[in-house]
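Engineer: Listed below, chain by chain, are the residues.
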Amino acid sequence: MARPRRPSSQTLLVLRTLTAQPGHWRYGYELGQEIGLKAGSLYPILIRLCDRGMLEASWEAEPPVGRPPRHLYRLTGDGLRWAGELAVQAAPASGNRRAELRAAW
Amino acid sequence: MVIPMRPRSGPDAASRLLAAAVRALPADRADWAEAMLAELASVEPRSARRAFAWGCLRATATQPRLLRGGLHLIAVLGVVVAVGVWAATLGYAPLTGVLDILVLSLAWVCWQGRRAGMLGPVDDGIVAWLLRVGGYVLAGTIVVACATQLNPATDDRLGPRLFVVVLACYLLGLATVSARRSTATTWLRATAAGCGLAAAALWVVAVMVAPPISPSIGGALALTAIAAISAAALNSGRAGSPQRAAVAAALAGAVTAALIAVLVLVLASYGPARLIPNITPHALTPADRLAQSRVEIFEPYMVVVVFGCFLAAALGAISVATRRTRPPQAAHLPNTELPGRA
Numbered sequence: 001m002a003r004p005r006r007p008s009s010q011t012l013l014v015l016r017t018l019t020a021q022p023g024h025w026r027y028g029y030e031l032g033q034e035i036g037l038k039a040g041s042l043y044p045i046l047i048r049l050c051d052r053g054m055l056e057a058s059w060e061a062e063p064p065v066g067r068p069p070r071h072l073y074r075l076t077g078d079g080l081r082w083a084g085e086l087a088v089q090a091a092p093a094s095g096n097r098r099a100e101l102r103a104a105w
Numbered sequence: 106m107v108i109p110m111r112p113r114s115g116p117d118a119a120s121r122l123l124a125a126a127v128r129a130l131p132a133d134r135a136d137w138a139e140a141m142l143a144e145l146a147s148v149e150p151r152s153a154r155r156a157f158a159w160g161c162l163r164a165t166a167t168q169p170r171l172l173r174g175g176l177h178l179i180a181v182l183g184v185v186v187a188v189g190v191w192a193a194t195l196g197y198a199p200l201t202g203v204l205d206i207l208v209l210s211l212a213w214v215c216w217q218g219r220r221a222g223m224l225g226p227v228d229d230g231i232v233a234w235l236l237r238v239g240g241y242v243l244a245g246t247i248v249v250a251c252a253t254q255l256n257p258a259t260d261d262r263l264g265p266r267l268f269v270v271v272l273a274c275y276l277l278g279l280a281t282v283s284a285r286r287s288t289a290t291t292w293l294r295a296t297a298a299g300c301g302l303a304a305a306a307l308w309v310v311a312v313m314v315a316p317p318i319s320p321s322i323g324g325a326l327a328l329t330a331i332a333a334i335s336a337a338a339l340n341s342g343r344a345g346s347p348q349r350a351a352v353a354a355a356l357a358g359a360v361t362a363a364l365i366a367v368l369v370l371v372l373a374s375y376g377p378a379r380l381i382p383n384i385t386p387h388a389l390t391p392a393d394r395l396a397q398s399r400v401e402i403f404e405p406y407m408v409v410v411v412f413g414c415f416l417a418a419a420l421g422a423i424s425v426a427t428r429r430t431r432p433p434q435a436a437h438l439p440n441t442e443l444p445g446r447a
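Quick note, the sequences are listed as chains A and B, same order.
Reading the first sequence from the start, the letters are residues 1 to 105 in my numbering.
Reading the second sequence from the start, the letters are residues 106 to 447 in my numbering.
Each hint should be verified, as a subset may be incorrect.
[To be verified] Pairwise CB distance ranges (calculated):
1) A:19 - B:150: 46 to 56 Å
2) A:90 - B:342: 52 to 62 Å
3) B:118 - A:53: 28 to 38 Å
4) B:341 - A:90: 51 to 61 Å
These are calculated hints, taken from the structure and not from any lab test.
As the structure is a computational prediction, the values presented were derived from the model and not from experiment.
No residue lacks a Cβ here, since even glycine has one placed at the ideal position from N, Cα and C.
Let the sequences and hints guide you as you build the complete structure.
Structural biologist: So, in structure tokens, the structure goes:
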């Protein structure tokens with residue numbers, strides 16, 4: 001599978017939030033509320049991640065009476081590995097930035 | 106905020122907006138449309154529902170395929186309007202009418218080319234894409250040829266109809282054989298188009314080595330037949346089938362005939378004088394004879410065009426008759442499971 005390019009900051013936010021509870025299925029709206037992303041930004045990210053096999057989607061098994069089943073999302077094995085790699089890449093980068101600022105000071 | 110479902114008297118503005126927005130999503134995004142609608146059913150209060158619906162509308166409107174579809178529609182409509190306006194200024198009613206029909210039929214095929222069906226999305230692979238684009242270019246060339254060749258001074262009623270039939274046959278033939286629902290393989294398309302290109306190249310070499318362009322069409326028809334037989338031979342036997350051989354033969358023949366006709370048109374219009382045979386009365390001055398011969402030389406090759414047109418029609422008919430019953434699934438389907446939704 002081809003690895004995607006470096007994701008946007010919003011995608012990183014989604015990945016970070018989903019990595020916090022790896023096996024836990026999340027609702028789209030709640031996820032958006034938690035990280036402060038509106039549906040217009042969140043759904044394209046979720047669709048892209050699903051298309052690339054980083055995210056798996058499922059339907060709520062037992063929805064409350066009178067309400068349709070909702071979509072649930074969690075990272076796949078590939079998604080978790082990718083999120084881990086991105087976190088590792090981000091760590092030295094932020095360290096370098098700090099060193100640069102210190103040198104500038 | 107998400108709160109338990111409350112009975113709702115009917116769909117509110119947010120539901121209606123979202124229902125309209127998700128209708129624009131392609132068929133393989135249907136589960137995302139359902140997901141957005143189901144999510145909205147859990148959202149309260151009204152302001153949050155409205156914001157969520159608008160957000161989903163933005164998400165659907167910015168889907169790349171939808172944007173491409175919108176651009177495609179604008180391009181098709183733009184060309185139709187531009188040619189319609191230009192045709193209206195020609196001041197020759199039959200020609201204006203023919204151009205309108207030609208451009209509308211071209212626009213119709215272009216539009217159908219993005220919809221699932223026999224003219225539908227182009228199959229994977231560069232050869233199928235080249236054939237589809239080649240068909241559009243050929244159709245555009247025919248429209249231009251129609252505008253330049255038809256003579257307003259003569260009341261020519263057969264010419265315009267012939268152009269329309271030729272355009273329709275070629276467009277339908279090339280669109281159906283390059284569509285995803287066609288059973289033509291990349292090998293079939295490549296070998297058939299390759300045979301057609303090779304035959305047309307041989308014709309050009311013959312004209313360059315032994316000018317001028319022959320007023321007799323025997324050589325062009327022979328090359329068309331050779332290309333068709335070669336393509337059929339390459340697609341028959343153990344790996345092929347009679348249907349594939351027939352599609353390959355029709356495709357190779359149609360490509361050869363179309364290319365030779367276009368080459369004659371181009372060489373007759375812009376080629377050096379040594380390529381133009383003298384086929385006009387000797388009473389004219391040499392310059393007039395050359396100018397007149399440039400116009401007259403295409404006439405015998407109309408038989409090649411009509412022959413190619415029959416082959417293109419046969420290609421369309423065989424492609425439709427041997428089409429796949431169901432289009433193959435798109436390569437990128439969302440990874441969804443449906444527990445509890447048997």
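Engineer: Next, verify each hint and record whether it holds.
Structural biologist: Hints and how they fare:
1. Between residue 19 of chain A and residue 150 of chain B the C-beta distance comes to about 31 Å, which lies outside the given range of 46 to 56 Å.
2. For the pair residue 90 of chain A and residue 342 of chain B, the beta carbons lie near 58 Å from each other, so the given range of 52 to 62 Å is met.
3. Between residue 118 of chain B and residue 53 of chain A, the C-beta spacing of about 37 Å keeps the proposed range 28 to 38 Å intact.
4. Here the CB-CB span from residue 341 of chain B to residue 90 of chain A is close to 59 Å, well matched to the stated 51 to 61 Å.
The structure is inconsistent with hint 1 alone, although it conforms to all the rest.
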